[in-house]
Amino acid sequence: MSQAQPSVTASWEMTAPSEPSQSGDDIALLQKQALYHYEKSLNAQTPNEQTVKHRGLAKELAQRLRQSSRAGISGHNLLGRIALDEGFYALADHHLKEALSITTQDAGCWYSLGHVRLAQKQYDDALSCFSKALEIAPRQTRAATSLAYTLARKGNTVEAFQAYRQLFRVHPEDAHVQAKLFEILPMIQADRYQEDLEKDALRWLNVPNTNPQALATLVMSLMRHKYHLDSPDAIIDLQDLAKDPLLNQSLGKIYFTNAELEQFLVMLRKQVLLNSIAGGYADQNLLTLAGNLAMHAEHNEHVSLYDSSERDLLAGLKTLINDVKRSGHPPLHNMAHLVVLYAMYEPIQRLSAFSTTSRLNTAAWPDYCQALIEHAVNEPQTELNIAKSIKQLTPITDTVSQSVKSQYEENPYPRWLHLGYNTPTNYGRALENELIDFRAPAFFNMGAVKFLIAGAGTGQHALRVARYFRNAEVTAIDLSKRSLAYAKRQADALGITNLSFLCGDILELDRLEDKFHVIECSGVLHHMQSPEAGLAKLKDRLVDRGLLKLGLYSYQAREVVREVRRMIEEYDVPLTLDGIRTMRQAILDGNMPYDFSGILKSQDFYSASGCRDLLFHVQECQYEPKDLKQLINKESLNFLGFVLPEHVRNQYRSLFPNDKTLTNLENWQTFESSYPATFAGMYQFYVQK
Numbered sequence: 001m002s003q004a005q006p007s008v009t010a011s012w013e014m015t016a017p018s019e020p021s022q023s024g025d026d027i028a029l030l031q032k033q034a035l036y037h038y039e040k041s042l043n044a045q046t047p048n049e050q051t052v053k054h055r056g057l058a059k060e061l062a063q064r065l066r067q068s069s070r071a072g073i074s075g076h077n078l079l080g081r082i083a084l085d086e087g088f089y090a091l092a093d094h095h096l097k098e099a100l101s102i103t104t105q106d107a108g109c110w111y112s113l114g115h116v117r118l119a120q121k122q123y124d125d126a127l128s129c130f131s132k133a134l135e136i137a138p139r140q141t142r143a144a145t146s147l148a149y150t151l152a153r154k155g156n157t158v159e160a161f162q163a164y165r166q167l168f169r170v171h172p173e174d175a176h177v178q179a180k181l182f183e184i185l186p187m188i189q190a191d192r193y194q195e196d197l198e199k200d201a202l203r204w205l206n207v208p209n210t211n212p213q214a215l216a217t218l219v220m221s222l223m224r225h226k227y228h229l230d231s232p233d234a235i236i237d238l239q240d241l242a243k244d245p246l247l248n249q250s251l252g253k254i255y256f257t258n259a260e261l262e263q264f265l266v267m268l269r270k271q272v273l274l275n276s277i278a279g280g281y282a283d284q285n286l287l288t289l290a291g292n293l294a295m296h297a298e299h300n301e302h303v304s305l306y307d308s309s310e311r312d313l314l315a316g317l318k319t320l321i322n323d324v325k326r327s328g329h330p331p332l333h334n335m336a337h338l339v340v341l342y343a344m345y346e347p348i349q350r351l352s353a354f355s356t357t358s359r360l361n362t363a364a365w366p367d368y369c370q371a372l373i374e375h376a377v378n379e380p381q382t383e384l385n386i387a388k389s390i391k392q393l394t395p396i397t398d399t400v401s402q403s404v405k406s407q408y409e410e411n412p413y414p415r416w417l418h419l420g421y422n423t424p425t426n427y428g429r430a431l432e433n434e435l436i437d438f439r440a441p442a443f444f445n446m447g448a449v450k451f452l453i454a455g456a457g458t459g460q461h462a463l464r465v466a467r468y469f470r471n472a473e474v475t476a477i478d479l480s481k482r483s484l485a486y487a488k489r490q491a492d493a494l495g496i497t498n499l500s501f502l503c504g505d506i507l508e509l510d511r512l513e514d515k516f517h518v519i520e521c522s523g524v525l526h527h528m529q530s531p532e533a534g535l536a537k538l539k540d541r542l543v544d545r546g547l548l549k550l551g552l553y554s555y556q557a558r559e560v561v562r563e564v565r566r567m568i569e570e571y572d573v574p575l576t577l578d579g580i581r582t583m584r585q586a587i588l589d590g591n592m593p594y595d596f597s598g599i600l601k602s603q604d605f606y607s608a609s610g611c612r613d614l615l616f617h618v619q620e621c622q623y624e625p626k627d628l629k630q631l632i633n634k635e636s637l638n639f640l641g642f643v644l645p646e647h648v649r650n651q652y653r654s655l656f657p658n659d660k661t662l663t664n665l666e667n668w669q670t671f672e673s674s675y676p677a678t679f680a681g682m683y684q685f686y687v688q689k
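Residues 1 to 689 (UniProt numbering) are what the sequence shown spells out, left to right.
The set of hints was computed from the structure by calculation and includes no laboratory data. A few of these clues could be false.
Claimed, not checked - The calculated lysine-lysine pairs, modelled on DSSO-like cross-linking and capped at a C-alpha distance of 27 Å, are:
no.: 1; residue 1: 539; residue 2: 689
no.: 2; residue 1: 132; residue 2: 121
no.: 3; residue 1: 53; residue 2: 515
no.: 4; residue 1: 40; residue 2: 53
no.: 5; residue 1: 388; residue 2: 450
no.: 6; residue 1: 549; residue 2: 539
Claimed, not checked - Here are the in silico distance ranges between beta carbons for each label pair:
no.: 7; residue 1: 423; residue 2: 311; range: 47 to 57 Å
no.: 8; residue 1: 498; residue 2: 320; range: 46 to 56 Å
no.: 9; residue 1: 170; residue 2: 674; range: 22 to 32 Å
For each residue, glycine too, the CB sits at the ideal point set by N, CA and C.
Put together the whole structure using the sequences plus the hints.
In structure tokens form, the structure reads like this:
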């Protein structure tokens, strides 16, 4: 690199140039300078205070370009983009229409106008703008990606999926395309077996830095149609399954959340066990499948029940493995075939051979067992060491908090595997897109933005906030050191450093000196003895105009959960892995006096920690919109709105057209009575101090 470039860059950072002449060289330089400052203002690594300066310089330069007869279009386009970024949609519209009045053949202006229409939720107009940009210059902008995104926002899910599918084939390394494809994949299932779709799914399973769990629904549907699993007369060859790449790869990376697929895997597990033993453990394809079934069991925490004949065989495997460990001959890794078969059913930590072991050398184990050893032995050992280093804010003294802590120490939840990818953005701008008529406070553009994730659990959301929101400084607090250790191990592996971990109780937050611009507390307050007391503690940690995102259980949506809990109490089902398995199997078999089939739609039902959280939690409160109103008003907080899919917004608007901001909680009380499954996950909403 020459020495001239840094000096030019430095001059751009200091000031804007004087009024340009009309020469082509001067105009070109001015355009480069304007784009430089604009792109610096968007860069996730640029500090917030510098972002404002760069945007100001870009705006000044764009104003000068606008006055040039030769560069007016680019000046208007850039001013339109800046206005869009700042949330001034009318101003953005003005500049872009000015540019298009000069010429209608500028792809960049149509692309920018498409994003204005997208922000205004005028989806048909946005599609038209992006289509014009593609027609004029197919490769000049990212209009094809924006068109696919608009289709998704409009609710045209299948069209959006096909668009992203094609984009991935053309740009398989594009992180943005990957991220958006994986956002829409959970809504896609095959209506028949398609070989080309299976090939695509195999490619997607191996995309780095994405969450393979997004493929679960699609893979489940492909497997169901490929092997005719819904037919009682289906004949399936075990060797075909053992060699099936989609089955093997998906078992190793995701866990299935479907009752029909679980029944199939339970049957498959038994056949792998019986045939492996009968064949003297010589079939490597079966052992590879066993290794992947064991990894699937690790992902769902061995939640599936098994019969007495399998239990007897497992007892024999257990004795053999433990005897080998005690004798030291042969080395334990020579018993890998026994280990993977046992691990299809039970955590290998239940084997005395693994109960107190230190880290193992995975390279000494056969390929089919290496992932299992790393996940089931080495990673927990790492987490135990990490847990010792996590700072304890205060002792946990509240009785309910102690019970909740105990639950999550035993079952860190959720046990996520991949963070996924998002384009880094400004949190305030993201909220302006989510909430109607909301203007973000100025602190989002003034230095570090401090986040508190209260009840961070195993940390997936805390890590996403730290990685994908600009200038974020994140503190993650939780009752459970085991959960936080899981989070810190993942953070260390991903190289995320703008994140600190504290073990403590929300009720003791006044021990913290810091105040925060944003606090997120989802799925936590409803597990406290007094959610009101917890909310008061959270509010006290907010700066003025600070934002609080809450997630609370809906009374209407959890009727079936209440019925299951009554049965658990009536039959005194123990809060153990075997108790969870037994209760689940009764629900799966339909041998209950109440229709519990609604539970089968919950992903939490398909893992031990998820099922424990869903059905066996030691403490839970539930709410209706009228209760939320009372809770919010008691703390003098301002309700900003629910986080909602577009189809729910449209349903609500059709019933309550006068509530432009969708914030009337009395209306929502009426709405939820008509649509009780609306908040089946949780109420997710924002309030402001």
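Tested hints:
no., hint, verdict
1, 539 x 689, "holds (7 Å)"
2, 132 x 121, "holds (18 Å)"
3, 53 x 515, "holds (26 Å)"
4, 40 x 53, "holds (10 Å)"
5, 388 x 450, "holds (25 Å)"
6, 549 x 539, "holds (11 Å)"
7, 423 x 311: 47 to 57 Å, "holds (50 Å)"
8, 498 x 320: 46 to 56 Å, "holds (48 Å)"
9, 170 x 674: 22 to 32 Å, "violated (44 Å)"
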